[in-house]
Amino acid sequence: AQGLDLNRDWVKLEAPETRALVRVLTEWDPDLTIDTHTTNGSYHCYTLTYAAPLNPSGHAPSIAFVRDTLLPEVTRRMRDRTGYDSFFYGNFDRAQETWSTYSAQPRFGGPYRGLRGQMSVLSEAYAYASYRDRVLATHAFVREILGVLVERRVEVARLEERARLETIEAGRRPQPTDIVGLRHTLAAFPEPVVLRGWVMEDVDGERRPQPTTEPREYRVVHRGRFEMTLGVPRPLGYLIPAGHDAIIENLTAHGVRIESPPPGSLLVQPAEIIGVHRSPRPFQGHRLATLDVRFDRIRETRRHPPGTRYVPTAQPLGTLAVYLLEPQSEDGLVAWGLFDEALEVGRVFPVMRVVGLPR
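Per my numbering, the sequence shown starts with residue 29, numbered consecutively.
Simulated from the structure, these hints should not be mistaken for laboratory data.
Predicted model, so just to flag it, every value in this text is computed and none were measured.
Each hint should be verified, as a subset may be incorrect.
Okay, the calculated beta carbon distance ranges per label pair [to be verified]:
#1 Ala155 / Arg244: 16 to 26 Å
#2 Glu189 / Ala155: 31 to 41 Å
#3 His65 / Ala215: 16 to 26 Å
#4 Pro269 / Arg211: 22 to 32 Å
#5 Arg330 / Ala215: 41 to 51 Å
#6 Glu45 / Pro291: 34 to 44 Å
#7 Gly271 / Glu183: 42 to 52 Å
#8 Val182 / Arg306: 44 to 54 Å
#9 Ala216 / Phe323: 30 to 40 Å
#10 Asp108 / Asp368: 45 to 55 Å
#11 Ala215 / Tyr159: 34 to 44 Å
No residue lacks a Cβ here, since even glycine has one placed at the ideal position from N, Cα and C.
Let the hints inform the model, and build the full structure from the sequences given.
Shown next as structure tokens:
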């Protein structure tokens, strides 16, 4: 009714449906979320494609379990029991030489849940298959995932606890080598893969080649992961001045813990805005913003104006908080307009990084 794509709403949380789902993630803390879709992308021979969380700043062991253990085993079982074949989500380039996945941005549910430290699977039924096959393949896929999770429930529970504790500890004692990625680029796995597709042909009146009925295997570069192009060391937390109620409300909806500032002095790192860039056209009702900033020297602050709030990174959603609040994040709260009134070249970004305590 609002004209919103719910699978682009996981950062800005403008739709009540998205907010309800985030409350489930916060209050129930599910072992794993299965996000079922249908895709009408490239032509291939897989009834279903899938993806693990793609943002590399998520909890690496949990992502690796989904990508390297869970999904390959589910693929094998589903093929053996139903005949339905599946593979990692992607699309061919026009030359059928590369197979590329979608996005690491948390506006999408999979990357978002990964930044929360939670395991997640994207399921994409193949739109060009029959409705019956799409339903049966999705049912089989979900069933096999649940079966593997039950068998590996001890390992899954340990991974969940590990993600929670390691994220809290990372925020409690930040290390200069702990870099949280804010911008990313698509990258290839070291080895090519062989994909089952069709011989393609040009057809009059069609904008892209169409599949014939002749199957063909393609040896392709698998661009199925992301590499960081810009990141920042994880801070102790963030100071949010009074008057930014929309920021506080959004963070609260995400389940991020917000406190009064710690007593005493803090070492903070202000950021001066040196560039503001906006998308030429609106997307989901917003002209997305990107900032360039210059971090000033770390300084000591003893006073916090009334109404100042503090977001510690020593919490289970600490990594998500970093991504949402950093001014240079490609898909954080700056991008979606929640800081628009403060975006002016020469001004200091209103949220300050807390990087330490005076000795």
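Quick rundown of the hints versus the structure:
Ala155 and Arg244 have their C-beta atoms about 20 Å apart, which keeps the hinted 16 to 26 Å range intact. With their beta carbons about 39 Å apart, Glu189 and Ala155 fall inside the hinted range of 31 to 41 Å. Distance hint for His65 and Ala215: a CB-CB separation of about 24 Å, consistent with the stated range 16 to 26 Å. Distance hint check: the CB atoms of Pro269 and Arg211 are about 26 Å apart, consistent with the given range 22 to 32 Å.
About 44 Å separates the C-beta atoms of Arg330 and Ala215, a value consistent with the hinted range of 41 to 51 Å. Look at Glu45 against Pro291: about 40 Å separates their beta carbons, and that is inside 34 to 44 Å. Between Gly271 and Glu183 the beta carbons are some 46 Å apart, a value that agrees with the proposed interval 42 to 52 Å. For the pair Val182 and Arg306, the supplied restraint of 44 to 54 Å holds, since their beta-carbon distance comes to about 49 Å.
Distance hint check: the CB atoms of Ala216 and Phe323 are about 32 Å apart, consistent with the given range 30 to 40 Å. Look at Asp108 against Asp368: about 53 Å separates their beta carbons, and that is inside 45 to 55 Å. About 35 Å separates the C-beta atoms of Ala215 and Tyr159, a value consistent with the hinted range of 34 to 44 Å.
The structure fails none of the hints (numbered hints given earlier).
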